[in-house]
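Q: Position chain B relative to chain A; hints supplied.
Same order as they appear, the protein sequences are chains A and B.
Position one of the first sequence corresponds to residue 871 (the working numbering), numbered consecutively onward.
Position one of the second sequence corresponds to residue 21 (the working numbering), numbered consecutively onward.
Since the hints were derived computationally from the structure, they do not count as laboratory data.
Glycine included, each C-beta is placed from N, C-alpha and C at the ideal position.
Any given hint might turn out to be false.
Stated by the list, open to error - Stretches of chain B that chain A covers, calculated by requiring three or more beta carbons in the stretch to come under 8 angstroms of a beta carbon on chain A:
1. 151-162
2. 235-249
3. 255-262
4. 425-437
5. 514-523
Listed here are the chains, written in short residue letters.
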Amino acid sequence: MPPRPPALAETLAILILAPALVAFEAGCSDSEDRAGAARPTVVLYSVTDRETSQEHIDRFEAETGIRVDAKFDTEAAKAVGLVQAIRQEKANPRCDVLWGGGAFFHAMLAQDGCLAPAPEDLIRAHGDAPRDARGRWLGFAAAYRVLIVNTDVFGAEERPNSYRDLADPRYKGKVGIANPLFGGMAAHVTALFQVLGPDAARRWLSDLKANDCALCGGMADVTKRVASGELWFGITSSIDAHVAVDDGKPVAIVVPDQGPGEIGCMEGFSSVAMIANAPHPKEAERLLRFLMSSKTEEILAAGPAQTVGLLPESVARDVRPSWIPKGIRAMDVDWEEAAEGYPEATKAIKEILLER
Amino acid sequence: MRTPPKALAAAAVLLSFAVVFSPFLAALIGTGWHGRPAGSFLGMAGPLGVSVGSGLAAAAVALLLGVPFALLVERSRAGLRRASWTLGLLVLMMPPYIVSEAAVVLLGPAGKVSRPVAALLGFGPASTGPIEAARFTVPGFVYTWPAVGVVMGGYLFPVVALAVAGASRRTDHRVFEAARLARGRRGVWRIGARVLVPPALGAALLVFALTLTEFAVPQLLRVRTVGEEVYERIQEGDLATAAALSLPLLPIVVATGVLGAFILLRSRLASLAGLEGEIPRFTGRRLGRAGHVAAGLATLIAITPALILPCASLGWLAAAASTSGSPMVGRHKLIRTSGVLSSFREVWGLAHDDAVRTVLLAAVAATLATACATALARLTSRAGWDPALGVLGAGVAVPAPVVGLGLITLWNRGAGAAVYQSTAIVILAWLARFFPIAVFLARGALARVPRELEDAAALAGRGPVGRFFAAVLPNAAPGLAAAWLAVYVLSATEIGATVLISPPGKPLLAPSVMNFMRRGQDAEIAACQILLLGVIALPPALLSLGMLLRPRTVPVAKGAP
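Chain A extracted, bound-state conformation (with noise of 0.2 angstroms):
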């Protein structure tokens, strides 16, 4: 018999002590304290990214007490992360607030009936920011979706400015947009459907795939793309195109569709709601009414998100970052009808651009 290893002794105790110490940590960790206390908490649910929401959070605990739970989302998982979670959790909820994923999804949400109303107070005080006609999901801190597009490939007189130049021949196989399947494009071509109409929707849809339009992984991909010169221009979103100009890439941000009788380009904004039948509903709604604030808008429009302030003293106070022009035509979209929409926009997209 081969002698025993001096180490396998310890070896062993190792393994066996290692999971009680962690089954004791996550015991510890998980009860509603360290302190023993019934510290308030509130569950968030972060599609915006942590490194922007963190400092709210932050700032919400030192306020009120309250301890926030947050869970975050990544963009590998797509729209396929915390609004999917949610869902999966409706007879059981354990969020309370969820904050991010656009107007979209949270139409999407409040269609399956996971959203609660916000207080009545709160909705009047909204003044003409978008949300839900029930209060279901209240919308602030706009983004947009621009062009950004390569300086070096093109001179500042020649710079594409419309959605109708990805499908302009001149630029085949040289522009991208985010895979339209997921997340925030998938809004946008909703969208598109709901303002072109379906007819004009699925043309554009046709030339861009006659045009070798690049599906790229996300808005952020399509920047990376284009900063690179791989692609000479695509659609993203303000925040990720605001990251490239900012890292000194050789890009440009584009609003398109600015001109009479044009569309407008598309606003993007952050969305929170509050769970139906959610564990804590008082901490929910302090935490609504904190988010829900000038005070917010004003720290999303200097910090990482780069946002406009769409409150009504934030539009009184013209918050936004210096390098966002003031008077930016919007598409008019009607969201939950845009949700409703979703499956013919999803239909079209598979039929013509990806030929199933």
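A: Using the frame of chain A, we list chain B on its own:
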């Protein structure tokens, strides 16, 4: 020596199937898919074909890289062997999403490498004007399904290498010497192929299965696969159909495994039954100088796609990172604005709890998986139920979000909610995804143990537990350590299921890092990748160091020259 009761083996098999397949079944049945019309599968042929093609390419690449790596490195000097294995296993710590991003950055149409090389070869822009030069791109290989295969095969080649190395270690090399004397090099090839092909193909099957439902890599490389179809159905809120769409993948994996086993069994020589594990070890010829150079080259080639290229891309990002000049305010702006080192400090500040939590949980998952896989492999092997383990391998082909959402369906109710709201749910998700890999590697490790050792221990009066600890564990330890390491690394870098089920307030490192990188500038991205690699590699590196430094007893192998 008595065989264990069949009831015990059956219970172990059933429990394993429950761990691996229950999330999938919960997603399929619990959310209302009761034989929906076959229309659910319309349009699936194309993506299915691409997925299978990518999977086969990945398996082929993993074999091409893993087999020579294992054979050459295993026979090289101890120092080179350790260094090569360390580098080889580091590959598994590089998330495949980052590998594919590196492929695009370096080898894409506007790649940092591909564009200058094309220009050097005379395929550059027609004119030297700046706009013409900026518009020059290289027709790309990276946006094709074979590229998905190269990325996934390059990332997963250590699985094949571990399996082949295990088989090589448990083979009596006197057989090779005999074959060399009898039939020269041809004889060695024939014997070697028969001994090493089964584990290599088994591991390649796992690579194939893991590639079938990968989502992030095909998305970045613009390849439409079954994974995309599955994610799209989930986005529509139709989890049951999403789960059903992965149904065709499971029989493909099982059928591929059965076909491979059938072919191997037909060509297997009866006398080879004694080659693995039954004969005392005899170390074959060591490599000469040329062999060591070849081993070094094999290592270099094997780690190029999924380690050297990403590190080169990472280095490029770090070197080219500029300091942002934007007037942003807020505590977390520093991730973006202060260069690589400062970004690293800030990312660590935000994510150090996530890092510690991830390391602990991944270690627990790996320990549980290895221990249970060892027990299962031992029980099924002695009961003669090995084929059941092959079916278990199909679990690897269940898409990650289906596992995550299935676990929510399964556990977010009644008393199960206590599990769902704890970190135990994360471990369940990782076990569901990676337990079959642990079983495969543990099975190989146990096969290395000569049965006569156990018989001797039994004659000496040792019970089943005593025999295991005295005879089996010391001999199987390297293979079991490999199983532990594989599950640890795969768990620590898992995102698809983790992001869905991790408890609020307890984020884990890989999703956090992906979140930070989402809109990251070069400095941020470099810092995040360094953090992820460093944290995940640290515990295995410390473990390896401890193993190297510990006092050794030198076992005297019977039959050694």
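Q: Against the earlier hints, flag every one the structure doesn't satisfy and list their numbers going up.
A: none
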